[in-house]
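*Asks:* Sequence:
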Amino acid sequence: MTELKPSQAPQTKVIVLGMGCFWGAEKRLSELNGVTHVESGYAGGDNPQAGYQDVLNLEKHIRSGQKTERNHAEVIKVTYQPETISLEQVLIKFWENHNPTQGNRQGNDIGTNYRSAIYYQTEDEKKIAEQTKATYQAALTKAGFPEITTEITSLKNYITAETYHQDYLKKNPNGYCGLGGTNVSYPSSNSNTHTPPAKQLEAKELNNTRQLVVFESKECAYCQKFKKEILNHWQSDAAITTTLNANPPKGWALEKPLFATPTIVLFEQGKEVSRYTGYNGDKARFWKWLGQRLLTPEQRKIAFEEGTERPFTGSHLDETRPGYFVDPITGARLFRSDTKFKSGTGWPSFFNPVEGAITTHVDKTLGVERTEVRSASSGIHLGHVFNDGPAPTFKRYCINGNVLKFVADEEE
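If you're matching positions, the sequence shown starts at 460 in the numbering used here and goes up one per residue.
Source of the hints: derived by calculation from the structure; they are not laboratory data. None of these values were measured; they are calculated from a predicted model. Keep in mind that a hint or two might mislead.
Unchecked claim - Subject to a maximum C-alpha distance of 20 Å in a straight line, what follows is the list of computed SDA-like cross-link-like pairs (lysine to any residue):
(1) 715 x 694
(2) 663 x 697
(3) 601 x 629
(4) 472 x 629
(5) 615 x 646
(6) 658 x 699
(7) 472 x 495
(8) 715 x 669
(9) 630 x 717
(10) 686 x 729
(11) 630 x 744
(12) 629 x 492
(13) 519 x 716
(14) 715 x 673
(15) 799 x 818
(16) 686 x 673
Please work from the sequences and hints to get the whole structure.
*Replies:* Here it is as structure tokens:
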């Protein structure tokens with residue numbers, strides 16, 4: 460049996476756990492009060508000196524039937540203070556934060572290196588592991604899940620993972636949370652109740668042509684930040700919905716596994732075509748990601764490369780109906796049609812924007828100083844503003860028509 464000593468003070472203990480990909484596992488368990496350190500590593504295999512590529516290469520040979528050695532599992536070494544948090548409490552979070560019924564896989568990550576595992580060092584740890592497994596199995600069975608497949612055995616050949624794997628979700632970037640598991644709560648000591656798993660989305664209730672799905676998790680501060688700053692103000696034409704279930708809508712397909720939340724996935728015709736993982740308050744980055752899918756090449760050149768359409772070739776030059784010109788990505792109102800006037804320049808021109816709808820920036824790209832106009836909601840380039848407009852503002856907001864969308868009053 461491998462013997463691991465606590466990496467911190469003498470009053471701490473360690474337990475090694477496998478929950479699939481160690482990135483999300485590391486972040487989840489490190490959030491527990493009383494856990495002093497969580498380290499990503501490999502354990503349970505035959506090679507005492509394996510690294511990441513060794514694990515991946517061996518798994519390929521195992522799956523092709525070329526080798527029969529026991530591979531390592533991706534694991535985390537959890538150092539905790541027993542006076543603050545018990546091993547039982549650590550294992551409760553272990554059970555709740557991954558799906559322990561999937562065998563040699565976790566979600567779409569398939570292989571023996573992604574197996575669920577508890578590697579103990581003492582008989583007391585083994586006893587607690589088996590007891591918590593039995594308790595959680597009862598809750599899972601009641602919720603309709605199959606038998607737990609978690610490997611519970613003595614620790615063997617623990618190896619610390621490479622530096623770039625440590626604190627991965629904090630580095631790449633730090634604006635998202637590791638995924639949870641089955642959404643079945645571990646039964647409390649006073650109750651046999653459990654939280655039923657979050658309902659999987661039904662494809663028939665979604666937009667098959669183009670649908671955004673926000674994959675969230677409970678107690679994810681970045682999910683709440685995304686909801687507050689983006690979702691609560693959603694005006695885009697793109698259909699969007701949220702879910703706490705880590706699976707795609709029934710009958711639809713993800714291109715690769717989800718490993719953190721929030722993850723925003725764009726589906727077209729039931730297949731993932733793009734995704735945005737994490738949110739740390741960078742609105743412009745999110746809207747640029749979405750705009751790359753929603754806009755035409757001509758629109759993207761204007762919006763993201765500060766391009767300019769040729770005069771008299773853009774859209775909406777002669778649009779005079781009552782309504783609003785809006786951002787083509789966010790749907791936010793930019794200009795009211797009754798502020799539009801004929802400037803003779805070949806571009807839609809306005810003497811006043813909707814309050815708070817635009818931002819202005821110094822532009823010296825042509826060797827002379829001009830004032831650039833961008834959408835406040837998405838940050839895309841719209842055009843420029845000049846001081847030769849009509850009363851009452853005497854401003855001329857010269858805007859590329861191809862990055863405007865018109866919504867008539869009767870359409871609202």
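*Asks:* Each of the hints needs a verdict: does it hold here or not?
*Replies:* Each hint tested on the structure:
1. 715 x 694: violated (29 Å)
2. 663 x 697: The hint holds at about 17 Å.
3. 601 x 629: violated (35 Å)
4. 472 x 629: Status violated; Cα separation ~24 Å.
5. 615 x 646: With Cα atoms ~31 Å apart, residue 615 and residue 646 exceed 20 Å; violated.
6. 658 x 699: holds (17 Å)
7. 472 x 495: Roughly 10 Å separates the two Cα atoms, so the pair holds.
8. 715 x 669: Holds, at about 19 Å.
9. 630 x 717: holds (17 Å)
10. 686 x 729: violated (24 Å)
11. 630 x 744: holds (17 Å)
12. 629 x 492: holds (18 Å)
13. 519 x 716: holds (18 Å)
14. 715 x 673: holds (15 Å)
15. 799 x 818: Distance of about 18 Å is within 20 Å: holds.
16. 686 x 673: Measuring from Cα to Cα gives roughly 10 Å; hence the hint holds.
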